[in-house]
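Read off the chains here:
2 protein chains.
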Amino acid sequence: MGARAGRCTIAVDTMGGDLGPTEFIRGLLYATEELKLDCNFTLVGKGRLLERLLKVRKLHVDPSTIQIHHAAEVIGMHEKPVQALKKKKDSSMLQAIGLVKDGKADAMVSCGNTGALMAGGTLRLRPLEGVDRPALGIIIPSRKKPCVLIDVGANPESDATNLLHNAVLGSNYAKAALGIEKPRVALLTIGTEEGKGNSLINKTHTMMQKLDDIIDYAGPIEGFQIFDGNVDVIVCDGFVGNVVLKSSEALFGFVGSTIKEELVRNPKRMIGAALSKSAFRDMKIRLSPDQHAGAPLLGIKGNILKTHGSSNYIAIANALRIASQVVKHDMIDTIHAEINQANRLVQTPKTEEASTQESN
Amino acid sequence: MGARAGRCTIAVDTMGGDLGPTEFIRGLLYATEELKLDCNFTLVGKGRLLERLLKVRKLHVDPSTIQIHHAAEVIGMHEKPVQALKKKKDSSMLQAIGLVKDGKADAMVSCGNTGALMAGGTLRLRPLEGVDRPALGIIIPSRKKPCVLIDVGANPESDATNLLHNAVLGSNYAKAALGIEKPRVALLTIGTEEGKGNSLINKTHTMMQKLDDIIDYAGPIEGFQIFDGNVDVIVCDGFVGNVVLKSSEALFGFVGSTIKEELVRNPKRMIGAALSKSAFRDMKIRLSPDQHAGAPLLGIKGNILKTHGSSNYIAIANALRIASQVVKHDMIDTIHAEINQANRLVQTPKTEEASTQESN
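The listed protein sequences correspond, in order, to chains A and B. So for the first sequence, the working numbering puts the first residue at -6; every next one is plus one. So for the second sequence, the working numbering puts the first residue at -6; every next one is plus one.
Pulled out of the complex, with its shape left as it was, chain A reads as follows:
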């Protein structure tokens, strides 16, 4: 578990994505040549296919840094997770997770079936002691700087302790992936006045205030503040986070297609659009989720990163970059220690809790 001195090894489940293994090889090319990623890679999937694809693509890296690990099966996007995991022991996903489990890789990246990846990762690598439910953290763009949104779907039925753990997990992820020394952590709610939101949020808010030694809690924020960039980590339940993430991606696409429709409505607009074309390209680069692809399943004994099923090579390359950063930062031991410290801090003796409530 954790980082090693020297080069890190990333296991890549090349078979699960919508665009197939070719896109993974393109992603690998982009990661090594454009992002200058200095890692070893173990490509997991159909061996002969991968060999052929590597030959065609001609990567300008030391061939010894790329290994192929054959796996005969693929878990499909629409298979039922638990059944698929039971049936397909030789799937690229389970084999790649196995490499992390056996210490042969420091992290694995997959854009396959999310449910299977989360269940497989949790079952094979196990949650860290003290963590009830792992969480998916993701980096989103904002007006000022990128920030972490956690959980975006691993646990759609959170209690206050789960949300508290998300805060610790997200804070560590922001340190590792965004290089922020003391991330400011906010709790997503509706109406920031005391007592608004719902009972889960109010309970979590009270508990969060006890974590001063571990996280920098900035208090609750509302939906309209998500893209302000005033905080580094936004904590929420997996149901809410998933809906926010997916509706935001959808809205981004919807706004984009509406602008396009309007820009081709008459010749004057079309000339204008041609002249300012690069502005839209740059805007897309700034806001595109591809720049921050790779959502780690946090709170387990190993580094597993999920990328979007439809990830293109840029998204895949960025996921590999995030994976290497997570490995270099070696956050698993710190997370373990901090989760247990958090659990101790909120386990207030009954009598003390009662007097705290009275004083409120």
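Derived from the structure by calculation, the hints contain no laboratory data. It cannot be assumed that every hint is accurate.
Identical copies look the same in the list; a pair holds intra-copy or inter-copy alike.
In silico DSS-like pairs for lysine-lysine, Cα to Cα no more than 27 Å straight-line [to be verified]:
1. K189 <-> K80
2. K97 <-> K39
3. K137 <-> K321
4. K294 <-> K203
This structure is a prediction, so every number in the text was calculated from the model and none was measured.
Dock chain B against the given chain A, drawing on the hints supplied.
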């Protein structure tokens, strides 16, 4: 309660918005002259101020259609709802609600303190029998046509029955405000496979399937489908709906400001932007929430509509338009009947419920 033959009367709380009563008078002007709204209006607020504003603006409507109802107090945006309602009996908000209660107005519109409006409306007008918790419905744009999102914040702690009621309320609102004969109703979840989402969603999904006689249930949808426009009503908990609504508004603004930044980065882009300027104006008109402002608090014995605190005159005018449509459609009696029918349909006898579960 409900619509009357002839002109409808809308009570307007002119004092609560961020932009003050002047914006309401501009909104009234726009509603009568541009949207050709043919209603009576009772402007509630500081009498002499309203008289002066009306004189300055010179509305080209029969003066007898506009009345002023003096109210000496104003509930501020940041006042605690219940305390404010207790203290400020002569507030413009409570007075306007009172006009609906006393049958002197068919609907009231306010952009004041949301919490106070929801609490005041619920306490003074009372929920319809059979409705546990009223819900705020709002119209959002989509790729194909506008649709209703319900609840966007009235009830941040819903159970399955509340969500079921939201479906009935939202379906009736889509009929009234969007003129859809048989609205298709979806349930917002994460992962549309059977058993995904969370226990609340799964329970609601099972109950929704029993409402064939009342609503056209289209099944669950995910966050990425919100702006597709394939359904007419999207049902969710008030916490989730509020976060989606506010984060979407924020993202829309964020994308807009990023495009602006990119468009002024060099002279070529600036010329292009100048030529295609009208495209952005039209895009904004198509997607702006101002076009569909006015969220009714559904499930109570009267028509109360909330508009955004920062509503401009266009948003206010559209809220008045929606209010008049809701009154004309006379949906309160239908809602009452359908809610009670829904309650009967889901109250399956224990034995039958058990056998249904087995057959699943």
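Hint check results:
For the identical chains of this complex, K189 and K80 are inter-copy neighbours only, at 20 Å across copies versus 47 Å inside a copy, given an alpha-carbon limit of 27 Å. Proximity of K97 and K39 under a CA criterion of 27 Å is satisfied intra-copy only: 19 Å inside one chain copy versus 75 Å between copies. Taking CA atoms no more than 27 Å apart as the test, K137 paired with K321 passes inside one copy only; the shortest distance there is 25 Å, against 47 Å between copies. In the homo-oligomer, the alpha carbons of K294 and K203 lie at most 27 Å apart inside one protomer (26 Å), although the nearest pairing across protomers, at 44 Å, exceeds that limit.
When each numbered hint is compared with the structure, no violation occurs for any of them.
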